[in-house]
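Enquirer: Below are the chains, spelled out letter by letter.
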Amino acid sequence: MINKRVASAQEAVADIFDGATVMVGGFGEAGSPIELLHALIDHGATGLTVVNNNTGSGEVGLAALIKAGRVARMICSYPRSTNSTVFPEKYRAGVTALELVPQGTLAERIRAAGAGIPAFYTPTSVGTPLEEGKERRSFHGRDYVLEEALHADFALVRARAADRYGNVIYNKTARNFGPVMAMAARTTIVQVSEVVEPGAMDPEVVITPGLFVDRVVLVEDPAHESALVAEGMSYP
Amino acid sequence: MSDTLKIVGLTRDEMARRAAQDIPDGSYVNLGIGIPEKVAMFVPEGRELIYHTENGLLGMGPSPAPGQGDPELINAGKRQVTAIPGAAYFHHADSFAMIRGGHIDVCVLGALQVASNGDLANWSTGEPGAIPAVGGAMDLVAGVKTIFVITQHCTKRGEPKLVDACTFPLTGVGVVNRIYTNLAVIDVTPEGFQLVELSPGVSFEVVQDRTAARLLPIPSDGGDR
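The listed protein sequences derive, respectively, from chains H and V. Residues 0 to 235 (numbering that gives the first Met the number 0) are what the first sequence spells out, left to right. Residues 0 to 224 (numbering that gives the first Met the number 0) are what the second sequence spells out, left to right.
So here's chain H without its partners, still in its complex pose:
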């Protein structure tokens, strides 16, 4: 019988190893898998490469992971946000390196990895500093930049509901990077606020089909980053 449920966030992240590449879903706080991130901090893996659109806020979730010195390298599009003070410190101190990627290129590099496409040409960044070091090629009179697929060892994703097969639905704009990260990682871990019986989700509305998901963790009442930041929480 297939049953991708695991008992706890702690168990779900237990094999994340030092030096792993970890994709973390979310755009700002929407879709940020805070409980999985806190479990990862407790677990202790370090020297991580983390892929996320941003770098977290306050001292919870992703920002707390960076603050704990576990992130050797961030791959993101926008490391500056309100209440994002941890990353600049670690970046300037040389603890956390940065690979800056245009947002759409980041999404497509992740999607390409999941789709078995090693690289693709995009018009984004042609003639800008972010083109440097990349191959340029002209198609039908327009220039494009070659971008490579972005793979990961693990993806941590937050969603609304899943069944034991790992079929997933999301909540509003918290979907963002979840579906493509689930495709691109070798091991995809999804935290959901509801686990349902197979068949309870209409197959027409399933967003991430179960084969892209390896572990499902129930987090019934997930925290919101902004609420934790407003409370002044600092994890751990």
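The set of hints was computed from the structure by calculation and includes no laboratory data. Any given hint might turn out to be false.
Said to hold, decoys possible - List of simulated lysine-lysine pairs, DSS-like, C-alpha gap at most 27 Å: (1) K144(V) x K37(V); (2) K144(V) x K133(H); (3) K37(V) x K155(V); (4) K133(H) x K3(H); (5) K37(V) x K171(H); (6) K144(V) x K77(V); (7) K171(H) x K77(V).
Chain V: place on chain H using the hints.
Expert: What follows is chain V alone, placed relative to chain H:
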């Protein structure tokens, strides 16, 4: 400089209102953070625009009533928004396929500098030690059919933002179509900056004086603009 202080031209709201007049009914529109966001408040009656926010929503509505927001329903500026009836959610790769694939009609953005060939710099001043952050700006200018820029004509220190060649790192090459400033509306043409309209009380000379590139005057016959 006393002369500079007197010439104010349009307010931020008036600049947004002016740009809103030029977006056709039925357009799919992406609005950048800042003054561009205000464009939605000034769409002429009778026009229906659908707003795209690149974090994954087509059919973005206004801010929620106090206490009615959802931290999982936000815009690209990470502020809470609403979804109109008929809205759709999608993941990031689909969202940027809409952008890169040429499916969005109009994007309105802010600028640090615009060059007379349409080059845009709006993501970095290249300052050493600054944390670089680009977001979706390079994808938007590479993919959206029409790029409007709304910006103050000069920086707070009085330096022109409309220039011969950008000195800041580029966001895109030859991408800007039209610029709305507090002083004027200016098109980017193969011949360079073409003045389209002056703000009330502003002369051609005032605009040219504050533009670090040649400005083509409005054709005397009024042209076809």
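Enquirer: Against each hint, give a clear statement of whether it holds in the structure.
Expert: Against the structure, the hints come out as follows:
no., hint, verdict
1, K144(V) x K37(V), "holds (21 Å)"
2, K144(V) x K133(H), "holds (25 Å)"
3, K37(V) x K155(V), "holds (20 Å)"
4, K133(H) x K3(H), "violated (40 Å)"
5, K37(V) x K171(H), "holds (23 Å)"
6, K144(V) x K77(V), "holds (25 Å)"
7, K171(H) x K77(V), "holds (13 Å)"
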